Each structure stands twice: as structure tokens, then as C-alpha cells.
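Could you put together the complete structure from these sequences and hints?
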Amino acid sequence: MGLRIQAANLISRQLRRAATGGQARVLNFAFSSASGAAAARGESGSGGLLQTLFGWAGRIVGFVSSILNFASWSFTAAFGWVSSQVQQISQFNWNATDAEMGQAITQRNVGLAGTWGTVVGSALGSIAAIGVGVGVAFLVPVVGGAALARSVASGATPEVLEEVSGNLRAAVTATAATFTSNSVASGYINIRRAIKKMGAPTLTALFGEAGSNWIRNVWGSSGSPRLTIADSIENTVQGMPGGAAVRAFTAAAVEEAFDSFMEAGFIVAAELDVQIASAKAANKTVLGPERSVEIKPDRDVDEKFTLVGATSLLKPQIQNVLHHSKLLHNRDIGQIVGMPVEEWRRAKPHLKTVSVIFRDKKEAPWRHPDGSRCREASYSIPDIKPGVGWQDLKRAADAYTWGKFRATANLDNGRQMAVYGATPQDAERKLRDLLLLSSAKIITLSISEEKERNRRLKKEPTRMYPAFVTTLIRRPTSDPDSGRTIGNQIFSEVHERYQLWKREAPDNFVL
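Read in our numbering, the sequence shown has 387 at position 387, and its numbers run on one by one without any break.
Simulated from the structure, these hints should not be mistaken for lab results. Keep in mind the model is a prediction, meaning the values are calculated, not measured. A virtual CB, placed ideally from N, CA and C, is assigned to each residue, including glycine. Possibly wrong hints are sitting among the right ones.
As the list claims (entries may be wrong) - Derived CB-CB ranges, DEER-like:
1) Phe258 to Pro386: 28 to 38 Å
2) Thr250 to Ser312: 58 to 68 Å
3) Asn93 to Phe249: 38 to 48 Å
4) Thr470 to Pro369: 26 to 36 Å
5) Ser165 to Ser312: 31 to 41 Å
6) Glu376 to Gly208: 16 to 26 Å
Stated by the list, open to error - DSS-like mimics (lysine-lysine), calculated; alpha carbons at most 27 Å apart, straight line:
7) Lys404 to Lys361
8) Lys362 to Lys459
9) Lys459 to Lys394
10) Lys304 to Lys315
11) Lys326 to Lys280
12) Lys361 to Lys458
13) Lys394 to Lys441
14) Lys458 to Lys362
15) Lys404 to Lys458
16) Lys326 to Lys385
17) Lys451 to Lys280
18) Lys404 to Lys394
19) Lys502 to Lys394
20) Lys326 to Lys352
21) Lys352 to Lys441
22) Lys352 to Lys451
23) Lys196 to Lys362
24) Lys280 to Lys304
25) Lys458 to Lys315
26) Lys296 to Lys280
27) Lys304 to Lys451
28) Lys362 to Lys394
29) Lys404 to Lys362
30) Lys326 to Lys296
31) Lys385 to Lys502
32) Lys394 to Lys352
33) Lys394 to Lys361
34) Lys441 to Lys404
35) Lys441 to Lys385
In C-alpha cells form, the structure reads like this:
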């Protein structure tokens with residue numbers, strides 16, 4: 001009796017029955033694998049291949065958008081672009097004919113077309129390879145189907161995107177460079193043609209007889225000598241008097257100075273990029289990502305609070321909002337004010353006050369050439385630290401840009417301090433600089449923008465310089481006629497004003 005194979009007893013058939021529940025597998029229009037019963041009901045199963053492909057298409061679009069995003073800018077890329085432009089300008093032949101420049105433009109366009117052909121070809125080839133792999137996945141016995149197809153697509157697509165990304169970045173960069181070079185060349189051709197059309201009398205009047213002859217007969221004419229900045233520098237060096245030693249020294253010095261400048265420039269740009277990346281990573285690690293949180297303490301009241309900031313800074317602020325909302329719930333202001341005074345902290349009277357005055361001129365006289373008065377901004381620094389010197393005051397009160405943004409700090413001594421700046425960063429920086437002179441610490445800091453104001457009083461961005469510093473010092477005294485009474489105690493008062501715009505400290509300077 002010959003050998004007979006029972007198909008129903010094959011291990012592959014047993015595995016298939018266990019995977020499909022004994023139902024035949026069919027392909028529906030969603031390109032997903034489903035059992036016969038599910039297909040009969042019109043169900044396509046979970047997560048069809050078409051949905052997977054659309055998902056990857058969305059990722060590709062986001063990927064391309066990220067490539068074109070301005071956030072990818074860096075100091076290294078900027079310096080590299082500047083250095084390449086300088087080299088192109090130094091080698092540009094200002095005496096080339098229109099035909100030569102047109103040929104150069106054509107060559108650049110041909111090269112750009114080849115670059116984009118590489119991008120399109122690599123993308124199409126990769127997509128075709130993934131498509132073939134997905135199709136073959138449906139035909140693999142036992143484990144073939146939508147699950148394997150999705151696995152193939154998910155595994156291959158990231159590597160394909162990584163390969164295509166390099167070509168796409170190079171194509172975008174080449175497009176920008178080609179567009180710039182072609183625009184400059186075309187503009188130069190048009191300007192030269194316009195100048196040559198002026199006619200001999202006009203050119204002679206503007207550039208003299210020799211200049212007119214050179215423009216009409218030499219500039220851009222066929223057979224004209226090459227004229228580049230690099231050649232001009234080299235000819236100047238070679239034509240220097242003093243012998244071969246002097247010329248060799250000068251040529252080597254000029255070449256090495258340019259090369260060293262480029263190398264040092266790339267080093268500095270790379271270091272700036274590293275420091276910026278480190279600072280961003282440190283802030284993200286320590287403070288957490290930026291978030292926006294909307295709080296509604298009482299769901300029965302249409303009142304919301306929106307907080308924006310780093311995650312670690314938002315957590316205590318959220319607790320503060322909830323705590324104060326609960327504390328003030330169903331209470332009016334009379335209940336709070338009527339509580340015992342000792343249970344509420346109040347700011348102590350100033351015994352020493354320092355005010356810094358800024359004006360929009362560096363030094364006296366304090367009027368503009370047209371006779372108008374200087375703009376002025378004055379900031380009081382509470383609880384000045386002991387031992388603050390003139391140099392400390394000069395560093396904290398250096399020049400800055402004043403404007404419509406107000407940075408307000410609530411301090412742990414029960415007081416507030418506010419500073420105006422042209423940008424939120426300017427206002428916050430100057431506020432923190434001035435608070436370095438104070439023993440008070442910031443509890444909360446907020447920045448607001450002035451939206452509407454009378455046109456004459458509008459805070460336009462203005463550069464402000466330190467002008468004066470005024471001090472008020474109070475000391476306890478027993479003479480009732482020599483001062484003022486504060487909190488049932490008599491204090492004498494001494495006012496001083498110093499010229500902060502001068503470099504050296506006054507002889508009588510005391511804080």
C-alpha cells in the first residue's frame with residue numbers, strides 16, 4: 001500500500017485552524033485578513049492594512065514638515081552657509097559674459113534636477129519594495145496575513161524614512177542655494193545690461209572716460225580677463241614691493257588668517273550649539289516639559305484658571321490655586337479683614353529704600369537735541385542687602401530695553417516689585433538683576449502685556465540707561481520734631497541722590 005498524506009492531519013493545517021477558528025481566510029476591500037464569518041457579516045477585522053498605510057502617510061507628512069521647520073536652525077549651519085557664500089562671492093567672475101553666466105545657471109538647474117531625481121527615485125523604490133513585501137506577506141503559509149503585513153510595513157518604514165531624510169535635506173538645501181545663486185546671477189546680468197544701455201555720454205559723466213571705455217568695451221565682453229575678488233587679492237600680494245620674501249610672508253599670512261578664521265568660527269558655532277542643547281536638556285530634565293493646565297475649582301461656578309509653565313513649577317501653583325479657592329469659598333472680604341491681625345503677615349515699614357532711575361540718554365544734559373524731555377523709568381528696590389557697593393549697583397542697573405511688558409514679582413517680605421521691558425525676557429531679566437541687590441526672594445512671578453493705552457503714553461521699545469540712584473534711610477530717634485512717626489516710633493530721614501550714569505563712585509556714596 002502506498003504512502004498517503006492526510007491534509008487535515010498536517011501540522012500547518014492544525015496551526016491554521018487554531019489561528020482562524022476553523023474559518024476560511026478571505027481578503028476584503030480594506031486589505032485586511034478576516035475570517036469567513038466576519039467577511040460574511042461585512043466586518044473587516046481590526047486595523048486594516050489600508051489604515052496602517054494611511055497612518056504611515058501621516059507620519060511621512062509630519063516628517064517632511066519637521067525637516068522644513070525653522071527649529072532645526074543652528075549656529076553651525078548658519079556659519080557654514082555664510083562661509084560658503086563668502087567663498088562663492090570671492091570666486092565669482094565679475095567680468096564673465098552673459099552667455100557664461102547663463103550656462104552656469106543652466107548647469108546649476110541640471111544638477112538640482114538630478115538631486116531631486118535622487119529623492120524621488122529613492123522614495124519610489126523604497127515604497128515599491130515595501131509594497132512587494134506587504135503583498136508577499138499575505139501569501140506566506142500559516143502566519144501570513146494582515147498581522148504580518150503590518151509588521152513588515154512597521155519594521156521597514158522607519159529605516160526607509162531615515163534613508164530618504166538625508167536625500168530630502170540635501171535637496172532642500174541645494175534648492176535654496178541654487179535659487180540664491182541664480183537670482184544673484186540673473187540680477188547682476190540685468191543690472192549690467194541696464195548700465196551699458198545708458199550710452200557713452202552718460203557713462204563718461206558718471207565714471208569718467210576710462211571707466212566709460214571699460215564698461216562699454218571690457219565689462220562682460222567676450223575674451224575679457226577674469227575678474228574675481230580672490231584673484232585681485234592674490235595679484236595685489238604678488239605686486240607688493242620688497243622682494244620675494246615679503247610677498248611670500250604676506251601671501252602665507254593672508255591665507256592662514258582666512259583658514260584659521262573659518263576653523264575657529266566652526267569651533268565657536270559648534271560650542272554654542274552644544275551649550276544651547278545642554279541648557280535645553282537640563283531645563284527639560286529639571287523643570288519638565290512646558291504644559292498648559294486649566295483649573296475649575298468649583299464645577300458649579302463658571303470660573304476657570306489657566307496656568308502655563310514647566311511641569312515641576314505648575315504643581316505647587318495648582319495646589320495654591322485650589323487652596324486659596326477653598327479658603328475664599330463662601331467668604332466675603334469682610335470676613336478676611338476682620339480676622340486677628342497677628343494671623344496675617346504684613347510688610348514691615350521701609351527703613352532703607354533705594355530707587356534706580358533710568359532715562360533714554362546715556363548722560364546729561366537730560367534733554368534731546370529737539371528740546372524734548374527724556375523718558376524716565378523708576379524702580380524701588382525693597383530691603384536692600386547690607387554691604388552693596390557701587391560696582392554691584394552698576395552691574396544690576398545696566399542699560400536695557402524698556403517697553404510694554406510688565407514683570408511683577410510677589411516677594412517673601414510681603415511686597416511687590418514690577419519692571420517694564422520691551423519683551424517678556426527683557427522685563428524678567430531686569431527684574432531679577434535688580435532683585436540681586438535685595439534680600440527678598442521671589443514667591444511668584446508673572447508677566448503681562450499692555451494692550452491699549454493713549455498714543456502719547458504708549459510704551460514704545462526704548463533703550464534705557466542708568467541715570468540716578470536715590471536713597472532714603474530712616475533711623476530711630478527720640479526727637480519728635482526731627483522725623484516722622486511710623487508704628488508708634490519716631491524715625492529721622494536722610495535723602496541722598498547719586499549720579500549713576502558716571503563711571504566712578506561719588507565720594508559720599510553710602511547705601
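Each hint, compared with the structure:
| no. | hint | verdict |
| --- | --- | --- |
| 1 | Phe258 to Pro386: 28 to 38 Å | 54 Å, violated |
| 2 | Thr250 to Ser312: 58 to 68 Å | 59 Å, holds |
| 3 | Asn93 to Phe249: 38 to 48 Å | 28 Å, violated |
| 4 | Thr470 to Pro369: 26 to 36 Å | 27 Å, holds |
| 5 | Ser165 to Ser312: 31 to 41 Å | 34 Å, holds |
| 6 | Glu376 to Gly208: 16 to 26 Å | 55 Å, violated |
| 7 | Lys404 to Lys361 | 19 Å, holds |
| 8 | Lys362 to Lys459 | 19 Å, holds |
| 9 | Lys459 to Lys394 | 25 Å, holds |
| 10 | Lys304 to Lys315 | 17 Å, holds |
| 11 | Lys326 to Lys280 | 36 Å, violated |
| 12 | Lys361 to Lys458 | 19 Å, holds |
| 13 | Lys394 to Lys441 | 21 Å, holds |
| 14 | Lys458 to Lys362 | 22 Å, holds |
| 15 | Lys404 to Lys458 | 8 Å, holds |
| 16 | Lys326 to Lys385 | 37 Å, violated |
| 17 | Lys451 to Lys280 | 31 Å, violated |
| 18 | Lys404 to Lys394 | 24 Å, holds |
| 19 | Lys502 to Lys394 | 10 Å, holds |
| 20 | Lys326 to Lys352 | 37 Å, violated |
| 21 | Lys352 to Lys441 | 17 Å, holds |
| 22 | Lys352 to Lys451 | 35 Å, violated |
| 23 | Lys196 to Lys362 | 50 Å, violated |
| 24 | Lys280 to Lys304 | 31 Å, violated |
| 25 | Lys458 to Lys315 | 36 Å, violated |
| 26 | Lys296 to Lys280 | 31 Å, violated |
| 27 | Lys304 to Lys451 | 22 Å, holds |
| 28 | Lys362 to Lys394 | 13 Å, holds |
| 29 | Lys404 to Lys362 | 21 Å, holds |
| 30 | Lys326 to Lys296 | 12 Å, holds |
| 31 | Lys385 to Lys502 | 22 Å, holds |
| 32 | Lys394 to Lys352 | 19 Å, holds |
| 33 | Lys394 to Lys361 | 16 Å, holds |
| 34 | Lys441 to Lys404 | 24 Å, holds |
| 35 | Lys441 to Lys385 | 12 Å, holds |
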